[in-house]
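Asks: Going down the list, the sequences are from chains A and B.
FYI, the numbering for the first sequence is 1 to 111, going by the numbering used here.
FYI, the numbering for the second sequence is 1 to 115, going by the numbering used here.
Check the hints yourself; a few may be wrong.
Covered stretches of chain B, as calculated for chain A (at least 3 residues, CB under 8 Å) [to be verified]: (1) 17 to 29; (2) 74 to 83.
Only part of the chain B face toward chain A is listed, based on derived beta-carbon distances under 10 Å [said to hold, decoys possible]: (3) 2; (4) 4; (5) 8; (6) 56; (7) 58; (8) 60; (9) 95; (10) 115.
Bear in mind the hints are in silico, worked out from the structure with no lab data behind them.
As the structure is a prediction and not an experimental result, all values here were calculated from the model.
All residues carry an ideal CB built from backbone N, CA and C; glycine is no exception.
Given next are the chains, with one letter for each unit.
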Amino acid sequence: SQQGEEDPQALSIQEGENATMNCSYKTSINNLQWYRQNSGRGLVHLILIRSNEREKHSGRLRVTLDTSKKSSSLLITASRAADTASYFCATVAQGAQKLVFGQGTRLTINP
Amino acid sequence: GAGVSQSPSNKVTEKGKDVELRCDPISGHTALYWYRQSLGQGLEFLIYFQGNSAPDKSGLPSDRFSAERTGGSVSTLTIQRTQQEDSAVYLCASSPPPLGRGTQYFGPGTRLLVL
C-alpha cells in the first residue's frame, strides 16, 4: 500500500502560470523525492530533499519540506506546455532504501 | 552514458503462462529496484537488490513472483502462472553506491498484459 497522498489529483493551468502540488506522508523519512512521468512509462527524477532541509531549488522547481507536518510541496514556476505530465512524490523512510510513492498529480498546461 | 534498459517493452501473454522481464541497470550502479504500476494500485515497490543479494523482498505480492540478479548487473523478474491481475507496467530502477536512498534512475518499463 502507498504511504503518500498527493493533492490535487489533477491540475490544469495556463502556460506561464505557476503550478503547486502537495504531498503528505506518514512515517519518519530520510529524504523525499519528486519524479515526473510522461505517457505512463519511465520516471524522471526531478529533485531530492533531505529530512534536515527545508527548501531546495532547481531551475524552475522549488521544493519545500515540513517534517513536523509530514508534508512537501513542489512549485513549478512559469509553466510550459512541456511540463504536462504526472508528478509523483516518493519518500525513503529512515533505515530503508525503497521509494514509497504518492498517488501522483496529473498536470496539464494549456497553451 | 546509457540509461537503464528493460526488455521486452511490451509483453502479451495468456493466463497461466510464465513470463520473464529483464533489466539492465546503469553500469556501476550497485542498487537495483523493481516496481510495478497499475491503475488500481499506483506505483508499488516489489524488490530491492544490493549487489546480487536481495535484502528487501517485502513487496513481492505472492510466491509466483521471483527475481534474481547476477554479476551485480542484469536482473530478471519472473512471474509464474500469470494471472490477469498481474497486468501492469513493471519498472526497474538503479542507483549508484554507496547505498540506496538517493536518486533512482528508472528504465522505460515493460508493459505486461495477461489475457
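Asks: So, for every hint listed, does it hold in this structure?
Replies: Status of each hint after checking the structure:
no.	hint	result
1	17 to 29	violated (count 0)
2	74 to 83	violated (count 0)
3	2	14 Å, violated
4	4	8 Å, holds
5	8	13 Å, violated
6	56	6 Å, holds
7	58	8 Å, holds
8	60	12 Å, violated
9	95	8 Å, holds
10	115	20 Å, violated
Violated hints for the displayed structure, listed by number in ascending order: 1, 2, 3, 5, 8, 10.
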